[in-house]
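There are 4 protein chains.
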Amino acid sequence: MTIDLNADLGEGYGIWTLGDDLALLDVVTSANVACGFHAGDPLTIRRTCAAAVERGVRIGAQVSYRDLAGFGRREMEVDPEELCAEVLYQLAAVDGVARTVGGRVSYVKPHGALYNRVCRDPEQAEAVVAAVADYDGSLPVLGLPGSVVHRVAAGRGLPVVAEAFADRAYTPAGTLVPRREPGAVIHDPETVVARAVRMATDRTVTAVDGSEVPVDARSVCVHGDTPGAVRLARAVRDGLVRAGVAVEAFT
Amino acid sequence: MTIDLNADLGEGYGIWTLGDDLALLDVVTSANVACGFHAGDPLTIRRTCAAAVERGVRIGAQVSYRDLAGFGRREMEVDPEELCAEVLYQLAAVDGVARTVGGRVSYVKPHGALYNRVCRDPEQAEAVVAAVADYDGSLPVLGLPGSVVHRVAAGRGLPVVAEAFADRAYTPAGTLVPRREPGAVIHDPETVVARAVRMATDRTVTAVDGSEVPVDARSVCVHGDTPGAVRLARAVRDGLVRAGVAVEAFT
Amino acid sequence: MTIDLNADLGEGYGIWTLGDDLALLDVVTSANVACGFHAGDPLTIRRTCAAAVERGVRIGAQVSYRDLAGFGRREMEVDPEELCAEVLYQLAAVDGVARTVGGRVSYVKPHGALYNRVCRDPEQAEAVVAAVADYDGSLPVLGLPGSVVHRVAAGRGLPVVAEAFADRAYTPAGTLVPRREPGAVIHDPETVVARAVRMATDRTVTAVDGSEVPVDARSVCVHGDTPGAVRLARAVRDGLVRAGVAVEAFT
Amino acid sequence: MTIDLNADLGEGYGIWTLGDDLALLDVVTSANVACGFHAGDPLTIRRTCAAAVERGVRIGAQVSYRDLAGFGRREMEVDPEELCAEVLYQLAAVDGVARTVGGRVSYVKPHGALYNRVCRDPEQAEAVVAAVADYDGSLPVLGLPGSVVHRVAAGRGLPVVAEAFADRAYTPAGTLVPRREPGAVIHDPETVVARAVRMATDRTVTAVDGSEVPVDARSVCVHGDTPGAVRLARAVRDGLVRAGVAVEAFT
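Protein chains in written order, with this note's numbering: chain A, 1 to 251; chain B, 1 to 251; chain C, 1 to 251; chain D, 1 to 251.
If we strip away everything but chain A, and leave its shape as in the complex, we get (with noise of 0.2 Å):
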C-alpha cells in the first residue's frame, strides 16, 4: 500500500507569504509548486525548489490563469492557443529553476479555476495537455479521476495521476460535493484522518448517503495555507504510517 501526499507550496510573491511551506515540506512528497501566474515569484520559486530537493520531495508545476489580484481563482474565457503557450511558459520557467538546484518538474497539476474548468472544458484541457505534451510528454498530469483533462491528457499518450481529497465530502457518484453546499468540508481531524487512511488501504470513502465509493487515487492533497492546515496534513501523513502505508511520491 503507497499513496502521495500533494499540497501546494510557494504560494507566496514578493513580500507576501501564504502558509508555513518548510512545515508542508516535512509532510508531504509532492510539492506543486506555483509558477508566477497566480502566486510565486522567481526567487520564491527558487527557494521552494530547493527545499523540496534538499527533502526529497518532488516538484510539480502548478500551472494557471495569469491572475495574481485573484490567486488564480477566477475563472477566464482563455483563447486555448494563448493559454497553451501560458502553460508552456511556466512550466518551463519552473522546470530550468529547478534544475539549477538539483531538481526538476517531474508533473503538471493546474491550479484553482483552471483546475476546476479543465475537469470539465474539452478546449481548455486540450490546450493544457498540449503544452505539457509540447514539453516532455512523459509528465504526469495530476488530477481528479474521470475529470476531462485526464480523459484528453490520456487520449494523447500522457500519463495520469488521480488525487483525493480526505477533507472533502463524496457523492454517490465518487465525485466531490461542490463547496457552497452544507458539509461539504470535513474539519474534524480525526474523520479527516480516518479517511485518508481508508483511501490508502480500501481505496474508498464514505459518501454523503453512507454508502461506500470506490477511490482510485495514488495522491492524496491537503492543504498547507493556516498552522491548523499543517497540523492536519502532519496528522494524515502520521495516520498513514501508523496504518503500515508507504507515503511515497508517484514519480
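Think of the hints as simulated: they come from the structure by calculation, not from any bench.
Keep in mind that a hint or two might mislead.
[As the list claims (entries may be wrong)] Okay, the calculated bits of chain A under chain B, using three or more residues with CB under 8 Å as the criterion:
#	stretch
1	22-31
2	37-51
[What the hints assert, rightly or not] Ranges between beta-carbon positions, derived for each pair:
#	chain 1	residue 1	chain 2	residue 2	range
3	A	Pro172	B	Arg55	38 to 44 Å
4	B	Asp216	D	Leu176	44 to 50 Å
5	D	Arg151	B	Leu22	52 to 58 Å
6	C	Glu81	D	Arg231	27 to 33 Å
7	A	Asp20	C	Ala50	48 to 54 Å
Ideal placement from N, C-alpha and C gives every residue a C-beta, glycine not left out.
We have chain A already, so just place chains B, C and D on it with the hints.
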C-alpha cells in the same frame, strides 16, 4: 570575414505590437527574444521563436528587469539574489518555449536598463552571469566589449560575444557616445551601412574626433521598431553581403 | 437632430500605442478613456484627457476587468464586491486625473468582455452600477439599449445613454448580429456612413432581413485602431454633418 | 501636547495580507493606505478606508513606485512626468474610493523606496509634489523633517507635516542612523515608548552619542507588520496617553 546581425524581437504584449518582426527576421541572424518581463507574452514568444526557427535565425533570451510599464528602460535597485532568480526564470521559460518549436536559446542578452547597468555594476552583473551559468554554462553573453558583465562572465568561464552599433558614434576610447550628446546617433543610411561594413571588414570605426578605433565585434546590433529601421537593417545586411562579408550567427 | 460619436481612446500602455488618438479626437465628441486595467498607463491617461479637453471632447471612464495581457477581452468570474471596488478605483483614478487638466469623467462605458457580460449578467451589472452610483449618481452609463446593465442602472436612478453601431448588422429584433456570423461587420464605407445618417435622422436601421428596425441611440460608436478606421470615423462624421445632424456630446 | 500616530495600512494584495490592520487601526490616528502600486487591491483599499472611517482614523494616500513584486522597496529611475502621473492616479483612486465610504484622502505619504528617494532627489520630489498640488493644493505631505520633498512642497505652498521614528536611532545632526548600521533599530519596547513620549513632550530625542537632539514632529510612525509590532504600537499609544499627550490626527 563573418559578422552576425542581432536585433530585439517579440517585443509586443497581448494586443500591442512593436516593429515588424517578420520583416526583421528576414534580415538578422540572431533574435533577442523578449522574455515576458519588459515585453513578450507567452504566445508572442512562441510565435517569434517559431518564425526564427523557420528562417534559421538563432534565438537569444533578452532578459530584463520586471517592468512592463517602463519597457525595462528604468534602472532598478534589485537585490542580486532576486535578480538572479528573475533572469533564470526568464531564460528557462523562453528556452523551454523555443524547444517546443524546434529551437533553443543559444545566447543571452540583457535588455534596456539592465543592459546598461551590468556594463558597469559588478553586483548586478554577477547576478545575471550566475543565472546564465547555473542554467547552462555554455551559453554566451552578448554585450558591449569591455563591459563589466563580460569581464564577470569570462571570469566564470562563460563565453562572451561582443557587439557593435553601426548607428552610434564612438569615442576615441572605443566606447559609445552617450545618447544625450549631440551626434550620438547616426541617421544617414549610407553612413550607417558604410560603418557596418568597415566594422566587419577592417574591424575598425571612425571615432568622433576622426581617429580610427579598433572594434572587435562578432555581432552588429540593428533595430526594427520603425519601418525606416527595418529598411536600414536590410540595407546594412545588403551592404555587408556586397562587401563580401558572410552574415552568419555566432552560435 | 443630434448625435454623439464615441470611441475608445488612450488604449496604449507604456511604450505601446493603439490607433491614432489625436486624429480620432478630432472626430468624436465622447472619448472612452482606458483606465489602466486593460490598457492606459497614468501618463497616457493624463495626456489623452488633456487632448480631449483641448478639443471640447467629453471624457468617459472605460472601465474593464483587470487583464492587461488579454486587453480586457476575456470574460472573468470576478466576485461582485471585488468587481465593484475595481470599477470604482478605475473611475476615481481617471476622474481625478481628468480634473487636473480641466476636465472630468462625465460618463462610464464598460470595456470589452465586461461590456458584453453586463449586457446579460445581472450580478456583474449590479456591481458596475453600484460602483458608478456610489461614486457619482449623476453619471450616465453608456451601453446597448435594452441591456441588463441599462435596466439595472435605471432601476438605481442612474441616467442611461444608448449607443448604436453603424458598422454592425442588426437582427430584426434590433440586436446586433454576433460577430462570428457572416456579414456581422459591415466594411463598405458608404454603407456605414449611410447607416449612421439614418440612425441619427430616421432613428432606424435596415436589419439583415431587409426590415426596418427602430434604433433609439443618442450615440454612435466608431473605431480608431487602424488608419482605415479613423478615415471611416471621419467619413461618418462628415456624412452626419452634411445631412444636417448636429454632432454633439450627450453630456 | 498633541501627537499623531501614523502607520502603513491596507498593504495586502488579493489573497495575501500583511499585518493586523484592524488591530492597528485601533491604535493609530492616521492610516497610510496603500494605493495599488506596491500593495493594495481595490477591495482591500475600500475595506481599509471603511474601517478607518468607522474609527475616526484619517486616511492618507501611501503612493509608491509601480512595483508589486518588490513591494515598492526598489528605487527606480522613473521619468518625472510619468512619476507625477502615477502618483496622481494613485492619489485620485484612493481618494475616490475613500469618499464612497464617508472619508477622503487628507494627506499624502510616499512609500518605501520612493519615500527615501524624495528625501534627497529634487527631480522625483518635484514630480510627487506636482501631483499632489495638481490634485488638491491643501493636502499635506507627511515626511521627514528637512527632507528635499518637504522643501519642494513648502516652496509650492503645500502644507508639510514632519514625522519621527521612536524605534530608530538618531544621529547628533537629527537624521536617522541608516538601517544597515548596528543599533539603527531599537527593539526594546520600554525604550521605544520612552522615546515616543519624549518626542511628544520634550520635542527631543537622545542621539547615538548621548546628545539631546530637537525633534520637531507632529506625527510618530509606528509599524504593524508583525504581532509584536502591533503590541509595541499599542504600548506607544498607551505611554503617550499616560504622559498626558493627546493622540490626535494632524488633519
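Against the structure, the hints:
no. : hint                            : result
1   : 22-31                           : violated (count 0)
2   : 37-51                           : holds (count 5)
3   : Pro172/A / Arg55/B: 38 to 44 Å  : violated, 58 Å
4   : Asp216/B / Leu176/D: 44 to 50 Å : holds, 48 Å
5   : Arg151/D / Leu22/B: 52 to 58 Å  : holds, 53 Å
6   : Glu81/C / Arg231/D: 27 to 33 Å  : holds, 32 Å
7   : Asp20/A / Ala50/C: 48 to 54 Å   : holds, 50 Å
The structure is inconsistent with the numbered hints 1, 3, although it conforms to all the rest.
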